[in-house]
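The task is simple: from the sequences and hints, build the whole structure.
The primary structure of each chain is shown beneath.
Number of protein chains: 2
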Amino acid sequence: MRNIKLIIAYEGSKYLGWQKTSMGPNIEGVLESALKQLLQEEVPIQACSRTDAGVHAQGQVVNFLTRSAIPLKGLGNGLNALLPKEIRVLSLEEMPLSFHPTLDALSKTYHYHVCTGPIQMPFVRHLSWHTPYLLDLVAMREAAQCLLGRHDFKALCNYRKGLRYEDYVREVLRLEITPLPDRRLRFEIEGSSFLYKMVRNIVGTLVYVGRGKLTVADVPLILTGKQRSAAGITAPSHGLTLAHIRYKIMKT
Amino acid sequence: MRNIKLIIAYEGSKYLGWQKTSMGPNIEGVLESALKQLLQEEVPIQACSRTDAGVHAQGQVVNFLTRSAIPLKGLGNGLNALLPKEIRVLSLEEMPLSFHPTLDALSKTYHYHVCTGPIQMPFVRHLSWHTPYLLDLVAMREAAQCLLGRHDFKALCNYRKGLRYEDYVREVLRLEITPLPDRRLRFEIEGSSFLYKMVRNIVGTLVYVGRGKLTVADVPLILTGKQRSAAGITAPSHGLTLAHIRYKIMKT
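Protein chains in written order, with numbering that gives the first Met the number 0: chain A, 0 to 251; chain B, 0 to 251.
Simulated from the structure, these hints should not be mistaken for laboratory data. Some clues are possibly wrong.
Below 20 Å or equal to it, Euclidean Cα-Cα: the simulated DMTMM-like pairs (lysine to aspartate or glutamate) are [as the list claims (entries may be wrong)]:
1) LYS13/B / GLU27/B
2) LYS84/B / ASP181/A
3) LYS13/A / GLU85/B
4) LYS72/B / GLU40/B
Computed spacing ranges between beta-carbons, pair by pair [as the list claims (entries may be wrong)]:
5) PRO178/B / SER97/A: 49 to 55 Å
6) PRO180/B / LEU102/A: 30 to 36 Å
7) GLY161/A / GLY23/B: 19 to 25 Å
8) GLU165/A / SER12/B: 23 to 29 Å
9) PRO24/A / PRO178/B: 33 to 39 Å
10) LEU133/A / SER12/B: 28 to 34 Å
11) PRO178/B / PRO83/A: 27 to 33 Å
12) GLU165/A / PRO178/B: 46 to 52 Å
In this text, a Cβ means the ideal position worked out from N, Cα and C, and glycines have one as well.
Now the structure itself:
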């Protein structure tokens, strides 16, 4: 049996997210069909992050088990030939049987793009949130400092039916905001794990600080208050990209 | 009567090009409909460049005449509210009645993007030509030097029914090739005017030089030979963007 790890990229605009659903197109279903066609067997796949509808990925990590002897190169070329161009296999690696894409992940990094100019260029309309306001970058960076480290992030977690967490304590390892050309900003957020819509709620809250709708001093109070309604809005899905997942080095 | 100049951007993937046609969606038709709805009158528009199907624009220049008194700001906001998000009005300016977007243009600059890596990231799939070969940048830059200045470009002009040129002499003012992240390249080509598919034929020919299918020494011979078949292929439309049009400064 082989345990194969794939790093994949996708533009999620046309998809209902990672997870299989009969409601419409989803990345997991498309990838499983392509694998089935190639391997002539059903192989369930596991992904590190079940990205939501409209969310993109540059470095999603998935794995599957197979008895097939197809070399990795042929598998990658075959998959990219079968997959639509908005989903690409970037690399393949054979892992120890014990490898699990979620359990072995040390951290995940998400990027969130915001366009603050009065008009958003058409080329980035599926990849960034158009929020045409002057944002105070210094205030947003100060507020980001308050979110770094271990905190109870209940105020930045959305409710979802059937989803229960044992606790809401998570650790944000890195939170950087970088200005890009055309009045765009990139938020880079790295954490060991995230609550439901936590990244988009962090961005929505920081944008509220940038607009002056919240102050830097509000941010620690929002965390300790644990009330979702006190924080900023959930930034829309299309600005979010799963950028990179970090693993410990494993020996085959 | 007012003569209004617009600078517009569009992602042309879903369109059959600039020009009005009953065959399917086109930028000119969509823009004219929005203007008609806003101004309550039919206003024919003129564009500097009739971009082909799939071609994009960052700085297309168009004009129209109107008796409407709507201020420019209201016109811009109204148009952007009516237009689909893949077409944006970037700026508006009131011009002398004599202004004509084609006749008054001093030069046009096109950008062409190429992705040379084995896998093209999904995010640029509509914006760059995936040609997964190692390209010799030094050879391509030397060949580009041979195309600079005034030449007969018949060998780099495609045949089109009903289209006749008095002569094929054109002037290339600038031709630069810049490496970008992710093994992409940007070709920047500025000229006073271009023949049919000349920019895409220049790129296709330079890519052939980069791949070693043509040599630098072939390029001047291709120009003097005037045979289209001796040059490289026509690079596909989706890598091409009309970037900028330069005008002389006019007093209102």
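Okay, the hints, checked on the actual structure:
no.: 1; hint: LYS13/B / GLU27/B; verdict: 13 Å, holds
no.: 2; hint: LYS84/B / ASP181/A; verdict: 17 Å, holds
no.: 3; hint: LYS13/A / GLU85/B; verdict: 15 Å, holds
no.: 4; hint: LYS72/B / GLU40/B; verdict: 19 Å, holds
no.: 5; hint: PRO178/B / SER97/A: 49 to 55 Å; verdict: 41 Å, violated
no.: 6; hint: PRO180/B / LEU102/A: 30 to 36 Å; verdict: 32 Å, holds
no.: 7; hint: GLY161/A / GLY23/B: 19 to 25 Å; verdict: 44 Å, violated
no.: 8; hint: GLU165/A / SER12/B: 23 to 29 Å; verdict: 46 Å, violated
no.: 9; hint: PRO24/A / PRO178/B: 33 to 39 Å; verdict: 35 Å, holds
no.: 10; hint: LEU133/A / SER12/B: 28 to 34 Å; verdict: 32 Å, holds
no.: 11; hint: PRO178/B / PRO83/A: 27 to 33 Å; verdict: 28 Å, holds
no.: 12; hint: GLU165/A / PRO178/B: 46 to 52 Å; verdict: 49 Å, holds
Hint violations for this structure: numbers 5, 7, 8, all remaining hints satisfied.
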